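Taken in order, the sequence shown gives residues 1 to 467; the numbers are from this note's numbering.
Since the hints were derived computationally from the structure, they do not count as laboratory data. A hint or two may mislead.
Unchecked claim - Here are the simulated distance ranges between beta carbons: (1) 232 x 179: 48 to 58 Å; (2) 46 x 180: 33 to 43 Å; (3) 110 x 46: 17 to 27 Å; (4) 78 x 463: 55 to 65 Å; (5) 321 x 124: 22 to 32 Å; (6) 218 x 428: 46 to 56 Å; (7) 112 x 319: 26 to 36 Å; (8) 148 x 321: 34 to 44 Å; (9) 138 x 112: 29 to 39 Å.
No experiment lies behind these values; they were computed from the predicted model shown. Where a beta carbon is used, it is the ideal one built from N, C-alpha and C, also for glycine.
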Amino acid sequence: MKIAFHGAARTVTGSKHLITLDNGKQILLDCGMFQGMGQDTDRLNEELGFDPRKVTYMVLSHAHIDHTGLIPRLPKLGYNGPIFCTAATRDLTDVLLQDSAEIQRDDAKYENKKRHQQDLPPIEPLYTVDDALRAVKQLTPVNYNTWTRIDPDVEVLFTDAGHIIGSACVHLRITEHGQTRQLTFSGDVGRYGDMILKSPEVFPQADFIVMESTYGSSLHEAAVPSDAELLRYIHETCIENKGKLIIPAFSVGRTQELLYALNMAQLNGKLPKVDFFVDSPLSLETTEVVRSHPECFNDTLQAVLRRDDNPFDFPGLTYIRTVDESKQLNFRTAPCVIIAASGMAEAGRVKHHIANNILNPQNMILLVGYCEPDSLGGRLMRGAKQVHIYGTLYEVNARVGSIRSMSAHGDYHDLGHWLKCQDAQKVKKLFLVHGEYEVQQIFREWLQKLGFGDVEIPAQHSEVTLP
Numbered sequence: 001m002k003i004a005f006h007g008a009a010r011t012v013t014g015s016k017h018l019i020t021l022d023n024g025k026q027i028l029l030d031c032g033m034f035q036g037m038g039q040d041t042d043r044l045n046e047e048l049g050f051d052p053r054k055v056t057y058m059v060l061s062h063a064h065i066d067h068t069g070l071i072p073r074l075p076k077l078g079y080n081g082p083i084f085c086t087a088a089t090r091d092l093t094d095v096l097l098q099d100s101a102e103i104q105r106d107d108a109k110y111e112n113k114k115r116h117q118q119d120l121p122p123i124e125p126l127y128t129v130d131d132a133l134r135a136v137k138q139l140t141p142v143n144y145n146t147w148t149r150i151d152p153d154v155e156v157l158f159t160d161a162g163h164i165i166g167s168a169c170v171h172l173r174i175t176e177h178g179q180t181r182q183l184t185f186s187g188d189v190g191r192y193g194d195m196i197l198k199s200p201e202v203f204p205q206a207d208f209i210v211m212e213s214t215y216g217s218s219l220h221e222a223a224v225p226s227d228a229e230l231l232r233y234i235h236e237t238c239i240e241n242k243g244k245l246i247i248p249a250f251s252v253g254r255t256q257e258l259l260y261a262l263n264m265a266q267l268n269g270k271l272p273k274v275d276f277f278v279d280s281p282l283s284l285e286t287t288e289v290v291r292s293h294p295e296c297f298n299d300t301l302q303a304v305l306r307r308d309d310n311p312f313d314f315p316g317l318t319y320i321r322t323v324d325e326s327k328q329l330n331f332r333t334a335p336c337v338i339i340a341a342s343g344m345a346e347a348g349r350v351k352h353h354i355a356n357n358i359l360n361p362q363n364m365i366l367l368v369g370y371c372e373p374d375s376l377g378g379r380l381m382r383g384a385k386q387v388h389i390y391g392t393l394y395e396v397n398a399r400v401g402s403i404r405s406m407s408a409h410g411d412y413h414d415l416g417h418w419l420k421c422q423d424a425q426k427v428k429k430l431f432l433v434h435g436e437y438e439v440q441q442i443f444r445e446w447l448q449k450l451g452f453g454d455v456e457i458p459a460q461h462s463e464v465t466l467p
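Hey, can you work out the whole structure from these sequences and the hints?
Laid out in structure tokens, this is it:
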């Protein structure tokens, strides 16, 4: 048995790992899109690194685009098999892939206007909405905590990862030459004590582990809770400075967490009286999907539901649906809070809102999660004084803030907690993926002190034979 790492290898996006069995069958874990990789992004998304026609099965950990975003390319390139996932992941992926296709279409249209003026050939999106709709038909839901046989020699088990609605850690029980071994793929591990979701679950002993390491060298704990920090930024920007607070937020997970925190502040009489806008039709759709899967909520939110049937809505909140409504926010002079996708500010309406508000020192751009270093959000987080947005150079006059503790990714303490159910001596090999290389090197040393002897950081497109 071999495993090859064709994405999220010494970087955080583009998750895709290919297992090849001795009998030639192949199992693809995730098929994510690279995001925020600067000029290399398009090239990386064009080069899968494997032949989809040879893939036998695909297993999907969760719906985020950096794990699902290239799935619509697979049927076009020859893969027509099942894509196993949880029911909530199926529902979210349906929405997110259609949105991804629409964003690509709109961004290509915008870019081609400039290319036409420069006598350059037009660019094409990676896939269309029709491609996304065809791919979604291959999504095959599997229940949590039940071993499901997908092949005479392969069983799959999903355990809750606590990252977003429907997220799962993937466990494969593979039999070869009369010997059964378990390979565990963490997907993205969430936080223990999340305000909305259940905590990551324990899982059976693994022989091999492919593990994310996004925050493998840092702790999220802050002196001030994230909801208190959020209210402080709103008060400073909208009440004291009379400005606009622009919050790039992923439509799944982060937006619902923000809305839940704001709703609870309103219920407790602490929410400043300003207007709030969620400028993302996708966020409205995904919030409805999240509401439709209360089985994934933790006990605290289950209790809130008994007194508030919609914990993601509150007086003063408006969902923006149309492009014209979104444009009207540019002419608004009154203080307000605008929450819009994407979380790394690489695409979507938030990019236009940043461009229209970045020159005003009264305004603030508040980053509330991980940003790839080369993404617009990453550059702002690092303190860039100037940034390019859609080819135009802007001075960064607006203030930039961040609440790192709102990340849906576990820090190294959470990741260590996730591994506590494992006997380190029985894990033959542990691979670190989905992390920046410097962070992974630090995390590897920490894991080795915990007793995990063989910890490898695979490079892009590298392949390893499992002992």
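Could you check the structure against the hints above and give me the numbers of any it violates, in ascending order? Checked against the structure, the hints that fail are numbers 4 and 6, while the rest are satisfied.
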